[in-house]
Amino acid sequence: NAGVTQTPKFRILKIGQSMTLQCTQDMNHNYMYWYRQDPGMGLKLIYYSVGAGITDKGEVPNGYNVSRSTTEDFPLRLELAAPSQTSVYFCASSPASLSYEQYFGPGTRLTVT
Amino acid sequence: AQSVTQPDIHITVSEGASLELRCNYSYGATPYLFWYVQSPGQGLQLLLKYFSGDTLVQGIKGFEAEFKRSQSSFNLRKPSVHWSDAAEYFCAVGIIQGAQKLVFGQGTRLTINP
Numbered sequence: 001n002a003g004v005t006q007t008p009k010f011r012i013l014k015i016g017q018s019m020t021l022q023c024t025q026d027m028n029h030n031y032m033y034w035y036r037q038d039p040g041m042g043l044k045l046i047y048y049s050v051g052a053g054i055t056d057k058g059e060v061p062n063g064y065n066v067s068r069s070t071t072e073d074f075p076l077r078l079e080l081a082a083p084s085q086t087s088v089y090f091c092a093s094s095p096a097s098l099s100y101e102q103y104f105g106p107g108t109r110l111t112v113t
Numbered sequence: 114a115q116s117v118t119q120p121d122i123h124i125t126v127s128e129g130a131s132l133e134l135r136c137n138y139s140y141g142a143t144p145y146l147f148w149y150v151q152s153p154g155q156g157l158q159l160l161l162k163y164f165s166g167d168t169l170v171q172g173i174k175g176f177e178a179e180f181k182r183s184q185s186s187f188n189l190r191k192p193s194v195h196w197s198d199a200a201e202y203f204c205a206v207g208i209i210q211g212a213q214k215l216v217f218g219q220g221t222r223l224t225i226n227p
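Protein chains in written order, with this note's numbering: chain A, 1 to 113; chain B, 114 to 227.
Each hint should be verified, as a subset may be incorrect.
[To be verified] Which residues of chain B face chain A? A few of them, derived with a C-beta cut under 10 Å, are:
hint	residue
1	I124
2	S127
3	K162
4	F164
5	T168
6	W196
7	G211
[Said to hold, decoys possible] Here are the simulated distance ranges between beta carbons:
hint	chain 1	residue 1	chain 2	residue 2	range
8	A	M27	B	P192	25 to 35 Å
9	A	T113	B	A142	18 to 28 Å
10	B	S127	A	G40	35 to 45 Å
11	B	Q115	A	N62	18 to 28 Å
12	B	S197	A	P106	13 to 23 Å
13	A	T20	B	S193	43 to 53 Å
14	A	P106	B	H195	19 to 29 Å
15	B	Q155	A	P61	39 to 49 Å
16	B	S193	A	R77	38 to 48 Å
The hints are simulated quantities; they were obtained by calculation from the structure and are not laboratory data. All C-beta atoms, glycine included, are put in the ideal place defined by N, C-alpha and C.
Let the hints inform the model, and build the full structure from the sequences given.
If you want it as structure tokens, here you go:
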């Protein structure tokens, strides 16, 4: 199993550009999450999904959108990139078993200039 | 509201020395507690977790943590650190808020002196 994979690993965007961060898991997990990590701030939840077709906002959703058309994929869309979106983005997945344990991807480092 | 506090932003220890990283949580119900480790440039890896039962839990890489309900703490320990333990460590509490989620602390960066 590859686990949780994310692409790209690095990206530089200009202000106002858009992009999609890809996330795929091969563990048949129902739950998927997107976090951003800023220095000294821990991980903040952006969006999450409890299954295909169902998504909801987390703590810091502004400026982002998500979709979940399949169990495996959970892309994160940035529209009109802003410098405040410079961060490291992590995707995670979890089985729907109240285990709470999340499995993380390697991350995408995004810089907006 | 649920929260996790890691009081130490950065800790430096010598190789071979013992280690304790502090974690305090705020949660009304019985907590599900986790420690994750993030090596430089990597994602987060689960070190250990506490759900119930024995308050001293063993994890991977020789780490252990002790749950103390009276102190709302879940401190991470290792008797003798190795240079490869240099990383960032995150404490988290599992909650139900629309779905099962994790609330993370701010993280503690561990530096190892040779």
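Is 35 to 45 Å a correct range for the gap between the Cβ atoms of S127(B) and G40(A)?
Given range 35 to 45 Å: violated, Cβ gap about 24 Å.
Interface hint compliance - G211(B) to chain A, C-beta minimum distance less than 10 Å:
This hint holds: G211(B) lies near chain A, its Cβ roughly 6 Å from the closest one there, short of 10 Å.
Quick check on a hinted range of 19 to 29 Å for P106(A) and H195(B), using CB atoms only.
holds, 23 Å
Indicate whether the distance between the beta carbons of M27(A) and P192(B) respects the range 25 to 35 Å.
holds, 33 Å
Is the gap between the beta carbons of Q155(B) and P61(A) within 39 to 49 Å?
Roughly 26 Å apart at Cβ, these two residues miss the hinted range, so it is violated.
Given S127(B) as an interface hint, is the shortest Cβ-Cβ distance to chain A below 10 Å?
Check failed: Cβ of S127(B) comes no nearer than 24 Å to chain A, outside 10 Å.
Per the CB criterion, is K162(B) less than 10 Å away from chain A?
holds, 6 Å
Given a cut of 10 Å on the nearest C-beta pair, is the interface hint for W196(B) held or broken against chain A?
violated, 22 Å
Hinted contact I124(B) with chain A - closest CB pair below 10 Å
violated, 14 Å
With respect to the beta-carbon atoms only, verify the hint that Q115(B) and N62(A) lie 18 to 28 Å apart.
holds, 21 Å
Residue hint T168(B), partner chain A, criterion CB-CB below 10 Å
violated, 18 Å
Are F164(B) and chain A close enough, Cβ to Cβ, to be under 10 Å, as the hint says?
It holds, given that the least Cβ distance between F164(B) and chain A is near 8 Å, below 10 Å.
Hint compliance for this structure: hints 1, 2, 5, 6, 9, 10 and 15 are broken, all remaining hints hold.
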